Every structure is written in C-alpha cells, then in structure tokens.
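Using the sequences and the hints given, assemble the complete structure.
2 protein chains.
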Amino acid sequence: MISHPAYRVEPWSLPENGLNLDLLAQSESVFALSNGHVGWRGNLDEGEPHGLPGSYLNGVHELHPLPYAEAGYGYPASGQSTIDITNGKVIRLLVDDEPFDLRYGRLGQHERVLDFKTGLLHRSVEWTSPAGRTVRIRCTRLVSFVQRSVAAISYTVEPLGSPVRVVLQSELVANEQLPETDGDPRSAAALESPLVAEESFARAGRLRLIHRTARSGLRIAAAADHVVRGPAHTVLSSESSDDLSRLTVSARLEPGQQLHVEKFVAHGWSGVRSLPALKDQADAALAAATSTTWDGLCGEQAEYLARFWAGADVEVDGDPEIQQAVRFALFHVLQAGARAEERAIPAKGLTGPGYDGHCFWDTETFVLSVLTYTAPQAVAQALRWRYATLPAARDRAKQLGLAGAAFPWRTINGAECSSYWPAGTAAFHINADIADAVVRYTAATDDGAFDRDVGLPLLVETARLWRTLGHHDADGAFHIDGVTGPDEYSALSSDNTYTNLMAQRNLEAAADAVTRHPPQADLLDVNDEECAAWRRAAQRMTVSHSRELAMPEQSAHSTRRQRWDFTATGPEQYPLMLHFPYFDLYRKQVLKQADLVLALHLRGDAFSHGDKARAFAYYEALTVRDSSLSACTQAVLAAETCHLALAYDYLGESAMMDLSDLEHNTRDGLHIAALAGTWTALVAGFGGMRDHDGVFSFAPRLPEALSRLAFTVRIRDRSLRVEITGETVVYALTSGAPLEIQHYGLPLEVSLTSPRSEAVPPAPPGLPEPDQPPGRRPARRSRDAASAPS
Amino acid sequence: MISHPAYRVEPWSLPENGLNLDLLAQSESVFALSNGHVGWRGNLDEGEPHGLPGSYLNGVHELHPLPYAEAGYGYPASGQSTIDITNGKVIRLLVDDEPFDLRYGRLGQHERVLDFKTGLLHRSVEWTSPAGRTVRIRCTRLVSFVQRSVAAISYTVEPLGSPVRVVLQSELVANEQLPETDGDPRSAAALESPLVAEESFARAGRLRLIHRTARSGLRIAAAADHVVRGPAHTVLSSESSDDLSRLTVSARLEPGQQLHVEKFVAHGWSGVRSLPALKDQADAALAAATSTTWDGLCGEQAEYLARFWAGADVEVDGDPEIQQAVRFALFHVLQAGARAEERAIPAKGLTGPGYDGHCFWDTETFVLSVLTYTAPQAVAQALRWRYATLPAARDRAKQLGLAGAAFPWRTINGAECSSYWPAGTAAFHINADIADAVVRYTAATDDGAFDRDVGLPLLVETARLWRTLGHHDADGAFHIDGVTGPDEYSALSSDNTYTNLMAQRNLEAAADAVTRHPPQADLLDVNDEECAAWRRAAQRMTVSHSRELAMPEQSAHSTRRQRWDFTATGPEQYPLMLHFPYFDLYRKQVLKQADLVLALHLRGDAFSHGDKARAFAYYEALTVRDSSLSACTQAVLAAETCHLALAYDYLGESAMMDLSDLEHNTRDGLHIAALAGTWTALVAGFGGMRDHDGVFSFAPRLPEALSRLAFTVRIRDRSLRVEITGETVVYALTSGAPLEIQHYGLPLEVSLTSPRSEAVPPAPPGLPEPDQPPGRRPARRSRDAASAPS
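In order, the protein sequence lines correspond to chains A and B.
Residue 496 in my numbering sits at position 496 of the first sequence, and the numbers go up by one each step.
For my numbering, add 790 to where a residue sits in the second sequence, where the first one is 1.
Simulated from the structure, these hints should not be mistaken for laboratory data.
No experiment lies behind these values; they were computed from the predicted model shown.
Backbone N, C-alpha and C fix where the C-beta goes; we use that ideal spot for every residue, glycine too.
Be careful, since some hints might not be right.
[What the hints assert, rightly or not] Below are the BS3-like pairs computed for lysine-lysine, each with C-alpha atoms no more than 30 Å apart in a straight line: (1) A:K588 / B:K1378; (2) A:K612 / A:K588; (3) B:K1378 / A:K398; (4) B:K1188 / A:K588.
[To be verified] A partial selection of chain A residues facing chain B, derived with a Cβ cut-off under 8 Å: (5) P67; (6) E70; (7) K398; (8) G401; (9) P422; (10) D481; (11) R561; (12) M577; (13) D584; (14) Y586; (15) L752.
[What the hints assert, rightly or not] Calculated from the model, a selection of chain B residues having no Cβ within reach of chain A, i.e. all distances over 12 Å: (16) S914; (17) P1021; (18) R1036; (19) H1050; (20) D1073; (21) A1182; (22) R1184; (23) G1191; (24) F1240; (25) V1333; (26) H1335; (27) F1486; (28) I1531; (29) G1565.
Written out as structure tokens, the structure is:
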C-alpha cells in the first residue's frame, strides 16, 4: 500500500497531520481553493513561510518573447505565462512584539482540514511565541462557487494562559517576490514584478488595488472589506501604496477574549474595461459578498456542493484511501472547471504555476470527460472558450498551410505558444480531442443550442483540418503522415492509430452535425462535396496493424523499431526525458504514456476484444509512465481485459498522484487530469462505462479488494446511479425520464420507478498478467496480488 | 545563358565591370582573399562604403548562450560565432580637404581584377572630388599562401590634372561597427564589440593592437609595418588607442608625382599563449614579411599558385564562362583550405560571416573530395583538425548514450552548437562523411602515417558510433532508425539509404584499418569481436527499396508518402523553408537537395545502372534545390545516366552560384561547397571519375556544348592528366610512377612515357529527360537543348 502520512484518511475531508515545512509547497497545491475563475493556493494566512505564493485569475497572463537559437517558419514568437495576481489571503499577526511565524517559537498544534462537502478549508493553530506567549488561531477560508469573484476568510485569535497584545494586518499585496526558477532568463525577467500599479486605496476596512500587466495589457483589480469584532479599545487603521493596501487591527486580549476578523475579497480582470469600470466591478462583487455575510457565503457553498455530490459522488467500499482520494479528485476537478466560464481549464487548474498556466489536450480528453457526467455546464463553458478562440485557430491553420482550424497545443489566450514543434504543432490530435469532447457532451446532454452554435462550427473546422492534413493514397486509403500522437516519447510518425481513429470520429461527427443543422452549416460554407469528402476520408481511414503481431500498432511500422534497452536503464534514469535525448526516445519502442491504449479506450468500438488484449499486453511492456496521463487509461484497459488486480494498482497510482506526490512536482500545482483519471479508472474501468455513438454502456467488474462501488452520472438531465457489488449491479435512475443503457451489450431501460438489478458475468479465465518494463510496475495495491512489490 | 554583367569573362582572372554599390557586399565575398588562416573580405581600401566589413582568423570565435524556450536533454548550451578580428585593410585617403569616398564626387574609372595565377587582387580608380580634384589610385592586395600570418597591400596615389595635398591614414581597427542583423538579440549582444583591448602601439610605420575575446578567452594580435615613398616633405606620424592604431602620411603631389605605400600586416591568435608571446609571434611574422619585401611576397604567391595549377587546372573549351568559373571556384576552394592547418574549413571559408563561421558536413563531402585530388596536404590538415576534436566528439557520443564519437553538426571549436536537433544531432551521417573523407584521402595518397595516426582512430570511433546507433532485427538485418539524411526537407526517417550505405563503408573501412595497424588498434581497445560486429553490420546493412517502383528509395517507406503539391506552390514560395513549416516539409515527398542521388554518386558501387536511372529520374521530380549543395550532385548523376544537356545545366548552376548570386546570399560569404561542386560536376560528371575501393575509374562523355575538357588530378604522388574531346580521351601521367586506372570498367596502365588514348563509347539511346518540379528546372545552358528556357 502507498502511504501518505501527511494526511489522515477520512471519507469526506482531507485532514493534515501536523505541519511539515518540507512539504509546504505540496500542501499549498493540495489545499488550494478555486472556483475555476479565482484560485488561491493553500498558503499559510500569515504569508510566510511559503513554498510558492499563489493567487490566480483564470486568463490573466503576461506575454514574453519565445527565444529560438535557430528560428523556423511558423514558430510562435510570443509566450504566455500565468502570473500571480494581487494576493488577498494575507493576514499577518503580531503577538506582543513578535511576528507569528511558525519557523520560530513552539508549535503546540496545527491542523488543516479541507472539507469536500462544505468547500471550506479550516485551520487551527496553537503557538507559543519565543517570548512564551501562547495563542490559538482558528481560521476558515473559502473561494465561492456561487459568487465567482469572491473569496473570504474568517480569522479568530485568542490568548491561552496570559493576556497578549495582538496586531492583525490584513493585506492586499501585489508583485510578491517569487522564489527563483531555473527557467529561461528572459521569461523570468518578463514575469518579475509583472504588475504596474494604477490605483491603490484604503479607508477603514475597505482596501483596493488596481494594476495592469505591461505587455498583455490586462487590468486586474482586488478589493477587500472587513468585519472586525474585538474587545473594547480595538483600534483600526488602514493605509495603501502602489503594491500594498492594508488594514491594521490592534487589540489587547485577556484570556477568554477573542479578536475576530472576517475578510471578504473580490477579484476581477479585463482586457478591455476601463479603470473606473473595473473598480466598480470589484466593488459591486464585494458589496454582494458582504451583504451575503460570511455565514451566507458558507451556506451557499454547502448548497452548491450538495447539488454537485448528488449527481457526481462515487462510493468505494473496501479501500478508504481510494474513497477519500476520489472525492478529493472530484472536488478539485470541480474547482478547476466550475466557474471557468469561457476561459481555459489549465493543466494545473488554478492551483499553481506549473506548465506556465497553460491548457493542453488533457482538458478535453481527461477532465471534460469526467465533468460531462458530473458537472456538464462546466463542459459547455470550456468548449465555448475553444469556440471563442476559433479565429486564432483558423489563423494558425492558415499559417500552417491547412484548412479549417488548428487549435494550439498549449495556450492561455488561444494563440499557440508551444515552441517545440515536434511535440507541439505536430500533435494535431488535440483538434480531434476537442471534437470528441463536443461529441461526448452533446450525446450526454442533448444540448441542442450548444450543438448548433458551438458544436457544429468546432466540428466543421476541425474536420476541415483533417481533410487537408491527411491524403488518400493511390488505393484510396486515407493516411495522416508525420504527426505526433499522445505519447511524447514518440513523434512525427505516420498513421498514428489514436490520431487516425479520433480524426475518423471527428470527420463523421462533422458530417452528422451538418445534417442536423443545414442553415448553420450553410453559414460555414459547408457543401455536399465537403461532407462527402469527410465521410470518405473517415471510411477509408488507415488503422495501422502489425501482421506479425496480429494486432493494431501505435503507428505505421512502429512495432518493427528497436525496443528500448530497459535492462540497461537504471531507476535513477527516470523520467527518461531528463536523461536521454529525444532522438533516441523517438526512434525506439518506449512509451511515456498510453497512446494506442488510449485509442483502445476512447475508440474501443473500433477494436475486437482479442485486439485489445494483445495490444494492451504488448504496450504494457513498453510504457514507463513518465507522464501522469497514463495510469488511469491503463487502469481502464486492464479492467476491460480482466487484469483486475493490475487495474486496481493503476487506480491507486492515479488516485495518489498528488496526495503522495508521486511525480515530485505537486508543488507546482495539482495534476488535474490525473485526478480526473481517478474517476475514470473507477467508472470506466471497474464500472466499464463507455459512451460510443450516444450509447451508454456498462460492463462492471470489481477487483477483489473492493466490496462495493457506487457512482452517479448525469446523462441527458437524468441522474443514473450504478451500484456494483461482487456479483450484482443495480442501475437506478434518481431523476429524469426513462433511459436506455446497455449492460454487457444488452439493452436495458431504467426508469425512476424501476431500478434494474443485473448479474455481473464471471470473469473469463485469466490471461497471464502482462509485464511492465523492469522497475516500472505500478506499486502493488491489491492485497490479493499474485506477486510481491518489486 | 545565365549572364553576370558584374564581371567580364576572362580565362585566368575575374575583372569587375565598374562598381555597382548595390552589389558591394556580394563583391566583397567574391573578391575575398584568404589562405585558410587569414581572411580579408574584398572591402574597399578606404573602409567605406561597405556591405560587411570582414577580417577573419580561422578558429577565432566568441561564445554565446543558446536560448531554448523549452529545453531538452543534450541540447548544446553554448553557441559559437565567428567574429571580426582587427581590420588591417583600411587605408583612408584625404584629397585636399575631402575624404575619398565613392558615394561622393565623380568616379571616372573603377576596376578590380582578381588574378587566379598570381593570387593578387588589383584595383585601379580615377576619382574626382566634389571640389574638382582628380586622383588615380592603383592598389594591389594579397593574403600570402606562403607566409600564413601575412597579408599585404601596395597602394599608390597620384594627381591627374592639378596638384593636390593628400593624406593617407593606414590603420588597424578593432571592434568595427557591423551592420545590424535580424538574429537573436542575445547573440547580437554577445557579438557586438567582442574584443577587449589589451595593448595598442604605434611608432613611425609600426602599428600593433592586441585584444582578447571576453568569453572564449582567445587573444588576437595584429601588427603592421609600412614602406612609404613620396616626394620631399612627405610627413609621417602615428598614434594609437584601444581599438585604433594609425599611421598618417601627408604629402603635396604635383602631377607626375606619386605617393606610394606598402603595408605589411601580420595576424595571430592563441587560446593559450601569453600577451608577450603573441606579440612576439606577430612581430616575427611581420619581420619575415618586410624582409621578404612586397615583390618577394608577390613572387612567392605566384610560385605557390603555379605549383597548384600544375596539378589541379581544369580546361574547358566551348564555354568561356564555365572556364572562368571553374578556375574561380578552384582558387577559392584552395583559399579556404590551403593553410587552415588543424582548423576547420567553414562553409563560407573565410569570405564572410554566414552560418556563423561554422563548419558542416559539406567540408568533408564536397570540399575535401576536390582538395584530395588537387591539394591533398590541405585534406590531411582538415582531417587532423577532426582528429584533434575527437575528445569532444567522444563526450558528445557519451552524452547521447552512444559509443565511439559523435561529431558535431556545426561547430568552430569542435563542440556541437546546433540547437535544432532534428536537423543537427540527428544528422549522424556527418560521421560517415568524415570517415569517407579519410578513406578517400588514404586511397588517393597512400599516406601511411596519416592512415595509422589519424585515419585509424577516426574510422574506429565512427564505426563504434554506428554499431550502437543501429541494430539488427530479428532476421539479422541491420537498421538505423530515426536519423536525418542529407536532405533537410526530410528528417528522422529510418534506413536512410545515404546514411546506411555511408555507414556501411565506414564500418568496413574501420575493420580494414584495424587489420593494417594491429598495435595502434590495440591502443584503441579494438578486439576481434568488435571488428566482426562491424563487418556483420556492414554485410547486413538495410538498403531501402521500393518494390512498386523497382528502385532504391531515400528511406524506408518514403516513396509512399504524399507528394508535395508543386502546382499549388508559387515561385515566390521558394525557398520552401521560409514559407512552410518543417512538419509539412518533413512528412511529404519533397527534397531540398540530393539525398539518395548523392548516395548514387558516392556509393555508386552499390547500385545497378538501371537503379540509378530510375531513382535519378524519380527524385528529379521532387528536388527543388533550395540548397546550394544539390546541383553538382545532380550534374554528376545526370551525366552518368546520359542526360548530358541536363548535366550541363546543373554544372552551370553550381558554377554560377556566387558569380550570379543565385541564392541571394553571397553577401554573407561564398558557397565553398557549391564552388567545389563545379569541379565535381566537370570531373566526376563529364569526366566520370570515381574512386570506389581505391580504384580510380573514368567514364568520360561531354555535352554537345563542350568541345574539350582537360583536367589534372593528383593521385598517389602522381599527376594524371585527362583530356577529353568528342570521341577520344587521352590519359597521360605528367609525374610519378605508372598508375593503374579504369576506362569504362577496363583496366588501363598509364605511365610517364605512355599516355593512353581511348575511345569514348557512343551514348546509349537517350531516355526521356526527367522532369523537375514546375518552375524548378535549372536554367537552360545548352544551346542544343530540346526545349526553350521556362
């Protein structure tokens, strides 16, 4: 079992065991609060010590030149990086004449608890100053799901033992000094003190700072207001300068007396609105929050989450750690997307600066596939953001000599800022991933307006891309040459099976959508010839196949390449990309992450069971999982091919990615896609849920360790609850009209009044468990595993 | 016919027609003087106007960081750039009170003539100042082949019409301001004023400047001395500061009187020697030059060139322009390599700053293949430089996870500084190209000491590389996957035929060399198993073949890729790399330059005549010649496959590359490899010379336009003269012991006393001339061509 002593196992919360300053940066990511618009890392209230201070507004970024020693046509010139916005979290404390700082004095008690039901982060501390004064602090923080610009803190300090004089400084701080990074010096230069002061204000408990970014020209505002309760003679004062606006509260507290502060913070930004307009926007949001009151905000938050959990919860019996982890995962996935509203969902959500705050394909493929069935409105919003960036994607396609739209590999504002084209521009599958998210969302929601206004143009423009990216050979077969699939240890291959099959779905879906919406298709200049060409390309799409191995292969001729010499590769040489050149990784058989196996999942309708079993086993032996985007997919295919213990191990790896910091970079932010993968490993893996062609099918089967798995998914305005025990599965509709589903291929109608109980067929006789590369087997989670941990 | 009105056609010189300031930068390259150690661009003596001031010392470079927006393992961190050394060319002139500047006043006459026999650059000018004073200037410049540190100028000014007061300023100038470039701003920053002054000196006619580079830590010295002859009352004074050392000569000249200055300049540099040592070195070189006298230097120069031409001249009857161009080419190829002496021969020689002064594979493949038969001592020196860089190449191989040595794609000091790995690191063929140059030189010279001390280690270490870079498949076939061949519009392909066949020769040659030198091989730890493995890899080397097309193909499966849409590509979209992304070029069938066709030439022993004819025709239709390294190879194969008119057109393109500035970048320096290709097109093309396995064979055949072609090649200390007329070829030895050669496959012994006259067999019935991509046919040179120019 993987252990994570930093946190205690609870079903509905994540309590921290004490405070380990060495893990501070990691815990700041784990305890980050966000609603997809505003993000606050879990920094200590007093500001320091910190790992990485972090406050973010989705979409706020600065530009910087992308350097090339040897430039090339079509290389993006400008990079984008997320930047720290004004920090509204800071409440500093002076105890008598000593600053409250956990690096000094004596820490009697420290606990933080993230509550998945209430959406609140609680903290309680007992601390004795070097001079021997003891205080207790209780503090709760939220970032509101309901009021998207608003975050708030409730802060209470009281003396234990002897009276103390306390001074609280509640601040808005801009241009905080960040720890040094090892990145490109020019990027760093551009991002140091990125904010230019425009206005600062402080009067009584009201604070405000307005800044502007130098190059991207975005204006950001932060405003705060306070409710203060303390003994008589509690004194308030406030002041402001360019990068600091501060309320100071001073009181003398006798034992039994408390100083209590409620801090309401509103954040806002705009690329177009004037300073007065943005100031008003922040003040208005603040007024709404203060009038709601602290208790009101907490109530809204709990209600919002109750609705979410009612349609999204996953119950796991037999593994309390997984139970906790999947709720932690769903909570953070919701936080990343809930209120992003026509902005990207970055790879790290708003939990840290990793990957420069960029959004990649994993949003559509790993995150939206979960939100589609748990918080579908967030999916519509995320895809509306893609739709809003269509002009940039069309320009990019044109620049590349292609028709339609070429969406960026990594971006904040919609323009490509990937500087390494073999794993950027060439990874065209992102376009099919977006199309797939459209298809999935549309099938799961019947959202006709979205289908017509957003889905159709996205499908049409991506289909146009594929038509010009690929070509029919002399025999009529359609090929897509020289592109990069999901696996980042392979590149520039021909007929990448994942890419081709996802493009196939994209092409067909576009033609179907045109049929559904002829007038809107006309506006996009789609004609019959074009639709026919899409269908022909889809029908004649090449699927790479190895005759020798009698199975599909990752790309044309790829199984003939030299295999990576795993026996000569030491454990310290992982991740391979930090120890071997790309040229060597690319030309040999070694996978960073699931590639064909992802096709076996998402396009499972294109393969026989035998193909899946053979190909899964083959690629298991080549996949090193240097990417966090792999374990969940391997879990799904391991489950489908009846390697249930192995699937359970992969579930564990995906679930513990951040809680156990398996990749040693949780400090930079959570792996939102891997977190989402926890749900996928359970629901698509052990639940066997698939959604090909608008058919929702299940083929559940539990590993021995789990006695029960129950999950609820939202499908077409219904809530379907699936509860699996050893030999039985019960499908029950908890809301909405009757729904047709499939159970192991058999059609089944479920309605509010008639839950269906079905037998789980016995597992077929077990094939031998596939091997992984030496030393790369996932940690053994299953108690009943055949072999011991390696 | 291509016309180049800038120059008049003469057999042994290049006279310029007047002065066109718009072509100034180009003419500076064309009139550059060099001996391979010191290089002076053909800048006007008075310094300005200039296109690019340029004075170079082979090996002198500055370092600068190579920027990467997304870094990767094994990416070189440091770049190298050639820098301008102290300019010793400048002699400014004041006529009465007006500076002599061709942009003002009236130019009566201006002629520059580069003389290939004497190695002198002559200039004569008649100029009338804005105030109406007319002067005549006669000036001659040389960079000595015999005294490698030395350059010299003879400068004479006289009044025409009325008396004038003239002031001459003869200077050494460091850190000259360069025209702005569009490169990376950091590179530019590093290279602006790269020299740090260490010493300056001026006394009477003696001048000296010593500087040091800031990062590479190289010390450079320039010293000058003067002989002045003028009327009575000619006054001399001199002065110096950090970056300027200057002699001023002032005189009043009556009509018929002259002021004459001889300026001797010595350049030196060292990465290890102290300031006093380097100062002494420059002073000593200067003392030798002044004691030789101007006339003595000119005499030495002419003698050196007479010896060169005796063993290297090419005579062409029927095309005076080609006659001039091939001597121009040989002169510059000699200038690039003559005295490089354990330094690289850069792609531009020492004629300009293009490609940052880097050396690439074209040195071994295109330049050394000419020098081997015309100035073999230069080849030994160039390969000794590669040998001296073996430690860096071994380190690079180790970093890349390979055995042996991995030579850099581009470098000055031996360390890789290519920042774009798909067309840098992955182009491993450079290692086989170096090995091929070793094999060719050894076979052509019987230089046993070189073979043992330099050739053996180079062959062994490159063979070791290939063994680890490739692999045997299950059937035993040896494959080299994921590398880049010569064509820069293809990349990362498997079993690139050129690479594989050159590696095959490399592996065999290494095993052979070990057999010749067992004790030295022992010192390199070569054992029998290793040799056997090399031979097995060579024997089982894969040669990619298209069954459908019944011919060899560029790399595995490459002929199945989509063909570039040439009809949709406008003339303004060439070169393609400036208008299309690499991803699109790489995945389609389109060639920047000969790739398989180069294999058909250099490894012609591996192909049947039918293979050659089919493959040449196939790749003609795909090759756009956006590289200057292509036309000469296409000429050779066109000749071999009896497309003689086409071969003649390609000869014309290679020959006129710089004289007609076909690629519009002659300003940055000459295309030394394309110049060398002029010789190759004539000797290997129409002469049909090949040198496989130490057999020197000829298969001559002339295009209709040429009535006679005669060339002399040096082979094993002999000079072999080959004279081809329409139906006859005469092989005559002009020095040395009898030599076995082949004429159309038949062995033939030639000796001093018995020249052999052989018949040229009639050309077989002509195949149809192959097509080139639309608009990319070479300019029609042949008067008898079937079709008119396109």
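Evaluated hints:
| no. | hint | verdict |
| --- | --- | --- |
| 1 | A:K588 / B:K1378 | holds, 22 Å |
| 2 | A:K612 / A:K588 | holds, 22 Å |
| 3 | B:K1378 / A:K398 | holds, 18 Å |
| 4 | B:K1188 / A:K588 | holds, 18 Å |
| 5 | P67 | holds, 3 Å |
| 6 | E70 | holds, 4 Å |
| 7 | K398 | violated, 12 Å |
| 8 | G401 | holds, 6 Å |
| 9 | P422 | holds, 7 Å |
| 10 | D481 | holds, 4 Å |
| 11 | R561 | holds, 5 Å |
| 12 | M577 | holds, 6 Å |
| 13 | D584 | holds, 6 Å |
| 14 | Y586 | holds, 6 Å |
| 15 | L752 | violated, 53 Å |
| 16 | S914 | holds, 43 Å |
| 17 | P1021 | holds, 57 Å |
| 18 | R1036 | holds, 38 Å |
| 19 | H1050 | holds, 49 Å |
| 20 | D1073 | holds, 39 Å |
| 21 | A1182 | holds, 17 Å |
| 22 | R1184 | holds, 16 Å |
| 23 | G1191 | violated, 6 Å |
| 24 | F1240 | holds, 32 Å |
| 25 | V1333 | holds, 16 Å |
| 26 | H1335 | holds, 15 Å |
| 27 | F1486 | holds, 38 Å |
| 28 | I1531 | holds, 42 Å |
| 29 | G1565 | holds, 18 Å |
In summary, the structure is inconsistent with hints 7, 15, 23 from the numbered list given earlier, while agreeing with the others.
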